[in-house]
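*Asks:* If you're matching them up, the sequences are chains A and L in order.
Going by the numbering used here, the residue at position 9 of the first sequence is 28; the numbering climbs one at a time, nothing skipped.
Going by the numbering used here, the residue at position 161 of the second sequence is 189; the numbering climbs one at a time, nothing skipped.
FYI, nobody ran anything at the bench for these hints, they're computed from the structure.
Be aware that one or more of the hints could be misleading.
[Said to hold, decoys possible] With a straight-line cut-off of 25 Å between C-alpha atoms, the simulated DMTMM-like cross-links for lysine to aspartate or glutamate are: (1) A/K124 to A/E68; (2) A/K107 to L/E296; (3) A/K56 to L/D132; (4) A/K111 to L/D95; (5) A/K124 to L/E295; (6) A/K66 to L/E295; (7) L/K249 to L/D70; (8) A/K124 to L/E231; (9) L/K251 to L/D160; (10) L/K251 to L/D74; (11) A/K65 to L/E295; (12) L/K213 to L/E278; (13) A/K56 to L/E231; (14) A/K111 to L/E296.
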Amino acid sequence: MKRIVTGVSLVFVLSLGLFLTPLLAHHAFSAEYDRNKPVKLEGVVKKVEWMNPHIWFYVDVKDASGKVTTWGFSGGPPGQLARRGITKNVLKPGDYVKVEGFAAKNGTTNATGGNVTFADGRAVFAGSSEDVVPGQN
Amino acid sequence: MRNCLAASFLTAAAALAMLLALAPTPGFSQSGAAPRIPRMADGKPDFTGVYAGPAYRSWKTGRVAKDDTDNAGITIYDRQKMAPFKPEGFEFMSRPFTGQIPIDDPTELCLPNGLTRQFMSPYAQQWVQHKDVILNITEYMHFVRIIPIGAPNRPHDPDVELTWMGDSIGWWEGDTMVIDTIGLKEWHLDATINGGNAIPADERGRQRWHSDRLHVIERLKYKDPANPAFLSYEITIDDPVIFTRPWSQEFGYTRHATWKLLEYVCEENNRCLGGDCKPPAGSQ
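Model the full assembly from the supplied sequences, consistent with the hints where possible.
*Replies:* Structure (structure tokens):
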């Protein structure tokens with residue numbers, strides 16, 4: 020089943036569930052987010068909360084009619100990002116970003132924000148495969 | 029004559045240089061590639077330092093990334109390592125999700141991981157060692173385990189209360205620190221709920237638990253006496269409610285010279301305290 024919500028920059032693709040297994044060290048991914056609801060959104064960063072247990076950032080997403088919806092994205096914990104060389108300076112209000120993640124189960128405009136790409140192609144959180152792995156494999 | 033003396037001098041100098049090259053250098057291995065492990069005044073290995081724990085990639089690859097960075101992923105116990113289950117042991121361990129976040133994943137409410145899940149959290153950890161005590165400090169949730177070092181196999185406190193991290197005692201077996209823990213409340217065995225594709229097919233939609241009769245034995249040692257960068261960490265799970273015998277799995281720690289533990293206050297910006305995960309009204 021595939022459903023497309025049309026819009027200039029808002030696309031839902033259901034039942035793909037192929038990419039990204041985000042690292043959610045605190046959140047229980049399967050309790051909060053739906054692997055069958057990957058989201059791909061783009062817009063202007065409105066606010067960044069670089070705090071534990073996970074960073075949150077908010078993106079104003081404009082649809083074809085010009086209506087703006089603010090999406091909240093949950094990212095990794097600040098400490099863990101720091102140990103990958105990612106500091107709070109990488110993401111600022113006003114940045115135009117594309118975000119890939121998974122939508123919340125509760126139907127709100129919240130999602131994980133596993134991959135963030137700037138307009139010039141720079142990937143913020145990408146390049147860090149967060150696949151879950153069994154301990155000794 | 030002068031040429032002969034010069035030749036003799038050069039030969040002697042070359043021989044001396046060879047001897048120096050072959051001689052062990054204090055603090056370094058004979059290859060000169062890596063320093064030896066640090067030791068306490070009593071000669072026991074000193075594990076003091078900040079480490080990437082078993083969730084990080086480096087202990088498997090033997091490498092850390094540029095600028096002393098490291099990458100982590102949720103890690104769960106390998107089912108292949110587990111001992112056979114007792115009758116109904118599997119059902120005790122592997123419980124279907126209830127749909128209730130406080131049960132399916134209490135960490136959403138900022139409750140603790142518990143010992144067997146905590147050390148695999150993808151956050152930095154610090155070992156601090158004294159001759160009579162060793163501390164394990166985990167950045168995640170700011171947990172501190174204070175482990176007294178004493179005689180091997182001495183008894184635990186008979187009145188121990190059941191807690192998330194249990195009652196731990198330590199002793200030396202050669203260069204290995206053995207940590208023996210009981211008094212653990214029935215809780216999650218690992219983060220199966222986040223296990224993704226690593227979860228065995230018959231455990232999908234389920235969370236692993238251990239019983240309050242769990243007995244844990246941890247063995248910490250340097251992987252290589254010539255290399256202070258890597259620790260071997262073996263954990264033995266002895267849960268007579270679930271398994272027919274104890275079983276073990278080896279993980280590892282990687283020392284990171286530039287790391288320090290960061291403050292971690294789970295409640296600071298947690299969106300799931302009520303079990304319904306969403307930003308507070310007005311934040312958007």
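*Asks:* Does each hint fit the structure? Answer for all of them.
*Replies:* Each hint, compared with the structure:
A threshold of 25 Å between alpha carbons decides the hint, and for A/K124 with A/E68 the separation of about 22 Å falls inside it, so the pair holds. Taking the CA atoms of A/K107 and L/E296, the gap is near 16 Å; set against the 25 Å cutoff, the hint holds. Among the hinted pairs, A/K56 with L/D132 is consistent with the structure: their alpha-carbon atoms are about 21 Å apart, no more than 25 Å. Pair hint A/K111 plus L/D95 holds up; C-alpha atoms about 23 Å apart against a cutoff of 25 Å.
For the hint linking A/K124 to L/E295, the alpha-carbon distance of about 22 Å falls within 25 Å, and the restraint holds. About 20 Å separates the Cα atoms of A/K66 and L/E295, which keeps this hinted pair within 25 Å; it holds. About 16 Å separates the Cα atoms of L/K249 and L/D70, which keeps this hinted pair within 25 Å; it holds. Between A/K124 and L/E231 the alpha-carbon distance is near 21 Å, which keeps this suggested pair within the 25 Å criterion.
Between the alpha carbons of L/K251 and L/D160 the distance comes to roughly 23 Å, so the proposed pair stays at or under 25 Å and holds. For the suggested pair L/K251 and L/D74, the alpha carbons sit about 13 Å apart, so the restraint of at most 25 Å is met. Taking the CA atoms of A/K65 and L/E295, the gap is about 23 Å. The hint holds against a cut of 25 Å. In summary, the hint linking L/K213 to L/E278 is supported, as the alpha carbons are separated by about 23 Å, within the 25 Å threshold.
For a cut-off of 25 Å, the pair hint linking A/K56 to L/E231 stands: about 22 Å separates their Cα positions. Distance restraint check for A/K111 and L/E296: the Cα-Cα separation of roughly 20 Å lies within the 25 Å cut-off, and the hinted pair is therefore satisfied.
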